[in-house]
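*Asks:* Read off the chains here:
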Amino acid sequence: MPEQMPSLQSNALSPESPLIQARALTKRFEDFVAVDGIDFDVAPGEAFGFLGPNGAGKTSTMRMIACMSPLSSGTLRILGMDPATDGPRIRSRIGLVPQDDTLDLEMTVLDNLLVYGRYFDLPRKVIRERAGRLLDFAQLADRANDKVDPLSGGLKRRLTIARSLISEPELLLLDEPTTGLDPQARHLLWDRLYRLKQQGVTLIITTHYMDEAEQLCDRLVVMDKGRIAAEGSPRDLISQYSTREVLELRFRVDDHAPLASQLAGLGERIETLPDRLLVYTDDGESAAKSLAERGLDPVASFVRRSSLEDVFLRLTGRTLVD
Amino acid sequence: MIITATRGSAQESAHRIWRSYLYWTHIYKRTWRASLASGFLTPALFMAAMGVGLGTLVDRHGSSAHQLGGVSYLDFIAPGLLAASAMQMAAIEGMFPVMAGIKWIKFYQAMLATPITVTEVLYAHLLWMATRVAMVSAIFLGAMFAFGAPRSPEVLAAVPVAVLTGMSMAVPSAAFTATRESDQALIGVIRFVVMPMFLFSGTFFPLSQMPAWIRPLAYITPLWHGVALCRSLSLGDASWAASLGHVAYLLVVIAGATLVARRTFSRRLAA
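From first to last, the protein sequence lines are chains S and P.
Heads up: the first sequence begins at 0 in numbering that gives the first Met the number 0, then just goes up one per residue.
Heads up: the second sequence begins at 0 in numbering that gives the first Met the number 0, then just goes up one per residue.
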C-alpha cells in the first residue's frame, strides 16, 4: 500500500503514546445515551477489556473504535488518527470480530478468507499464503473446502477470528468473542488470543464473562449505564472492590434476608441473595468457625477466593438487565 | 455525519468500490449458468406467448395496426417488454440482496469492518445491479433478434436505456429496503408498485387506450419513459429531443434516489 506510507510516517507513534485515546467519548441515539463521556487509553501490546452487563455501552464503544459509528461528541484517536477523517486508513490496520458472525454461510471456509482479504487491497498471492497459515492457526485446515453453514458455533467463531487477521492487524477488536460457546471451544479460543497477544497484537475485548476477563485482560474497565464504574487490572479491582475471600452460606430457610442481621460483624460486608448469604472477609475459615458461637448452623458453607464477579456485582448491582 | 474517506483520494475510493464489487462477481460464479439460461428463456417465452400467440389475434383486428402505430403486435411489445423486464428484475435486485446484506447474511457489515466505507459498499452494489440488468437486457435483445422484432439497428442503444430504466427502480428499492426490518413491505412494493407499473406503463398497449385522466400517472413512472424510448429505438422512429428528454428524466430519478440511498444506508449501517 504505497499510498499509505506518508500517512503512516506522519502519524508515527512513539512507543509510549497510547494506541487508542478516548476523551469524553459519547454516543447518543436520539434520546438514549449509550456511551456517556468515557475516558480511556490503550497502550500498544495491551489486552484491554470492557466488562459490563448487556446495554452498558460496550458494543457502541467498540463500533466507534472500529470507525463504524461516528462519535456524538468527545475525541477519539486511534493509531494517532481521527476516525472521522481517516476511517479507511484506520480500518486497514485493525481487525474486527463482531458480536454476531458476518460470515458468508454459502461460501466455503477458504473462500470466506479469500474474499475478505480482497477488501483490504492485498495481492491474491499474499491472501492465499496468509489464508493457509490462518487456517492452521484456527485449526480449520481440514475444513477449508467445507461450506460454512453447517459448522458449529465454535468453528464459525474461529473462522471469524482467522478472517479478522487476514490483514495482519496491529489492533484486534473482539466483541463478546466466546458468547454461546461450549467450554472446550472457549478455552481453545482463549489460547489462540493469548498467542496473538504474545505476538504483540493489541487486543480489545468486550465481555460479560468474568473468567474471560480474568484470563485475557491486562487491564479492564467495568462499564455500567454508559459510564466507566471502575478501572484497573483484574487483581487491582478485586483488592479494591472486594475482600480476599468470600464465605458462602446456605440455610434451611425459604428467605435468607432475616438471617443477614445475625451475621453482622462477621465480615466487612454481607450480601443477601435469594438462596444464600455471602460474607466478604479476608479470612473465610475463621468467619466460618465463629458461626457456631452465634448458634447458626448452615446446610452448606464454603470459602472461596474473591473473583472479578464479586467486583462486577458490587459495581453494577444484582438486578437483571436486559 | 457519514464517515467517509474525506482525506482519501477519489482514486483510492474507486479502488475500494472495485474491491467490494468483486464480492458480487465471486457470488455470481455459483449461479451464472442458470441465470443466463433463464435470461434467454423468459423473454423467449414472453415473446412467443404474447407477441406471436396473442399478437396473431391482435393483428387480425382491423384497427389494431393503426392504434399500434402501423406495426405488428410483436414488434410493438418486444421493446416494451425489454424495458419492463429490466425494471422488474432491477426492483427485485434492489430489494432482497440488500436485505441479505443488512440482515440475512450481513455481508455489508463484513465489508464495513474493512477499509471500505458505507457509500462505497452502496456504489459497488448499485454497479453490480447495473451489470446484471445489462447482462439480462443484452440477452433479451438477442431473443428479440431471434424473433425478428427489431426494425432498426438503433435498437442496440435500447440496452443502455434498459439499464437506466432498471436502475431508476433498483436505486429507490435499495434506498427503501435499507429502512426496513423485514421483507414484508418489500412484497407489498412488488404487488402494489412494481406489478401495476409493469402492466400499465405502456408495455402491453398504448396509453391512448387508458382514460385521459389516468395517463399523467403513467407519465411520471420511470418505466413509461424507458418503454417509450426503447420502443422508438427498436421501431426506428426515435427523435433526439424526445430521446434526450427520456434519458434526462431517468438520470434525474437515479441521481435523486442515489442521494436518498446514501442517507438510508448510512443511517442503517453506520449510525
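A couple of the hints might just be wrong.
Taking lysine-lysine and the BS3-like style, the derived pairs with C-alpha atoms no more than 30 Å apart in a straight line are [claimed, not checked]: (1) Lys146/S x Lys124/S; (2) Lys146/S x Lys102/P; (3) Lys28/P x Lys196/S; (4) Lys155/S x Lys196/S; (5) Lys28/P x Lys102/P; (6) Lys155/S x Lys102/P; (7) Lys28/P x Lys288/S; (8) Lys102/P x Lys224/S; (9) Lys28/P x Lys224/S; (10) Lys155/S x Lys28/P; (11) Lys28/P x Lys105/P; (12) Lys146/S x Lys28/P; (13) Lys288/S x Lys105/P; (14) Lys124/S x Lys196/S; (15) Lys155/S x Lys124/S; (16) Lys105/P x Lys124/S; (17) Lys288/S x Lys102/P.
Reference listing, derived: stretches of chain P covered by chain S, where coverage requires no fewer than 3 residues with Cβ under 8 Å from a Cβ of chain S [what the hints assert, rightly or not]: (18) 12-23; (19) 42-56; (20) 230-237.
Only some residues are given here: those of chain P computed to face chain S with a beta carbon under 10 Å [stated by the list, open to error]: (21) Arg29; (22) Glu153; (23) Ile186; (24) Ile189; (25) Val192; (26) Ala240; (27) Ser242; (28) Ala270.
Please keep in mind that the hints were generated in silico from the structure rather than gathered at the bench.
All C-beta atoms, glycine included, are put in the ideal place defined by N, C-alpha and C.
*Asks:* Taking the hints in turn, state whether each one holds.
*Replies:* For each hint, the structure was consulted:
no.: 1; hint: Lys146/S x Lys124/S; in the structure: holds (23 Å)
no.: 2; hint: Lys146/S x Lys102/P; in the structure: holds (20 Å)
no.: 3; hint: Lys28/P x Lys196/S; in the structure: violated (38 Å)
no.: 4; hint: Lys155/S x Lys196/S; in the structure: holds (21 Å)
no.: 5; hint: Lys28/P x Lys102/P; in the structure: holds (23 Å)
no.: 6; hint: Lys155/S x Lys102/P; in the structure: holds (18 Å)
no.: 7; hint: Lys28/P x Lys288/S; in the structure: violated (73 Å)
no.: 8; hint: Lys102/P x Lys224/S; in the structure: holds (27 Å)
no.: 9; hint: Lys28/P x Lys224/S; in the structure: violated (47 Å)
no.: 10; hint: Lys155/S x Lys28/P; in the structure: holds (24 Å)
no.: 11; hint: Lys28/P x Lys105/P; in the structure: holds (20 Å)
no.: 12; hint: Lys146/S x Lys28/P; in the structure: holds (16 Å)
no.: 13; hint: Lys288/S x Lys105/P; in the structure: violated (58 Å)
no.: 14; hint: Lys124/S x Lys196/S; in the structure: holds (26 Å)
no.: 15; hint: Lys155/S x Lys124/S; in the structure: holds (24 Å)
no.: 16; hint: Lys105/P x Lys124/S; in the structure: holds (27 Å)
no.: 17; hint: Lys288/S x Lys102/P; in the structure: violated (58 Å)
no.: 18; hint: 12-23; in the structure: holds (count 6)
no.: 19; hint: 42-56; in the structure: violated (count 0)
no.: 20; hint: 230-237; in the structure: violated (count 0)
no.: 21; hint: Arg29; in the structure: holds (8 Å)
no.: 22; hint: Glu153; in the structure: violated (40 Å)
no.: 23; hint: Ile186; in the structure: violated (23 Å)
no.: 24; hint: Ile189; in the structure: violated (24 Å)
no.: 25; hint: Val192; in the structure: violated (29 Å)
no.: 26; hint: Ala240; in the structure: violated (44 Å)
no.: 27; hint: Ser242; in the structure: violated (40 Å)
no.: 28; hint: Ala270; in the structure: holds (6 Å)
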